[in-house]
Amino acid sequence: MITLDHYLYLSAILFFIGVFGVLFRRNLIVILMSIELMLNAVNLSFIAFSRYTASMDGHVFAFFVMAVAAAEAGIGLAILVMLFRNRRTVQADDLTLMRD
Amino acid sequence: MGEIVFIALAVGTTVGAGVVAFSKNIVYSAFALLLSFFCVAGLYVFLAADFVAATQVIVYIGGILVLILFGVMLTEKIEKVNISNQALKPFRAWILLIVSGGILIAAIVKTNWITKAPLPPTPTTGELGNAFLTRYLLPFEIASVLLLVALIGAIIAGRKEVRRK
Chain A
1 MITLDHYLYL SAILFFIGVF GVLFRRNLIV ILMSIELMLN AVNLSFIAFS RYTASMDGHV
61 FAFFVMAVAA AEAGIGLAIL VMLFRNRRTV QADDLTLMRD
Chain B
1001 MGEIVFIALA VGTTVGAGVV AFSKNIVYSA FALLLSFFCV AGLYVFLAAD FVAATQVIVY
1061 IGGILVLILF GVMLTEKIEK VNISNQALKP FRAWILLIVS GGILIAAIVK TNWITKAPLP
1121 PTPTTGELGN AFLTRYLLPF EIASVLLLVA LIGAIIAGRK EVRRK
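In order, the protein sequence lines correspond to chains A and B.
The first sequence begins at 1 in the working numbering and counts up one residue at a time.
The second sequence begins at 1001 in the working numbering and counts up one residue at a time.
Chain A extracted, bound-state conformation (with noise of 0.2 Å):
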């Protein structure tokens, strides 16, 4: 019987492999990518809190979670590529024009 803490611990789990990416990561590229795994770490508790409490308020959120997602990405990118296109990398540790 798979019940809600299955979910919660698997979500869990996927949170922090993404917070893992973007403590350890300096690639951007792979930053943005574990910040899309957190992100949807979230919306599978959300579903499964939905599902375990018979509502669907939870679906509404996932469906916001994944709007912003979408915009984050888009921009995220955009700016990725604007900064490849001026500075020629990007790895992180690169970038430190504001900092020094």
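Because the hints were derived from the structure by calculation, they are not lab data.
Note that the structure is a prediction, hence the values are computed from the model and not measured.
Ideal Cβ positions, reconstructed from N, Cα and C, are used throughout, including at glycine.
Watch out, some of these pointers could steer you wrong.
[To be verified] According to the in silico footprint, chain A covers these stretches of chain B (three or more CB under 8 Å from chain A):
1. 1036-1048
2. 1055-1062
3. 1065-1073
4. 1090-1096
5. 1110-1116
6. 1119-1132
7. 1148-1159
[Unchecked claim] The following label-pair restraints were derived from C-beta to C-beta distances:
8. Pro1120(B) - Asp57(A): 44 to 54 Å
9. Asp100(A) - Thr1115(B): 48 to 58 Å
10. Gly1102(B) - Asp94(A): 31 to 41 Å
11. Asp100(A) - Ile1061(B): 16 to 26 Å
Chain A is already provided as a structure; the job is to place chain B on it using the hints.
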């Protein structure tokens, strides 16, 4: 039967996510993200969320993933795959990861979730449409404005700069 499907989908999701975060090759990461998204869509079907599963396939796989692949092709040199992957200060990142992960797992374990027995799966589109056009009308409209703003912003940011004399 249900348990086997769930475990298969969960393993697919986790392995895909793991390859995204750990692989040194960006192209592998992008395709592992495809696996992960697909398995999550399967889990949505398993949770009786038919419309969300379809949207997951259309928006994430059809939209975001293709966009990310374009990003990979437009920026990285694909043949030069082995790029530096290390964070500057892994120590602090590990502390942050372990502390926040511990808090989240403790929250899942300690909380006594009030659940109801799941209903048999029914189509969700009608209820979703009602929810979006009655109770969640304002957030729905704001989300559409947000998407429009993101669209215009992405076009302006991504186009070639034309200098006027």
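Exercise for the section: Check each numbered hint from earlier against the structure, then list the numbers of those it violates in ascending order. Expected result: Numbers 8 and 11 - these are the hints that the structure violates, sorted from lowest upward.
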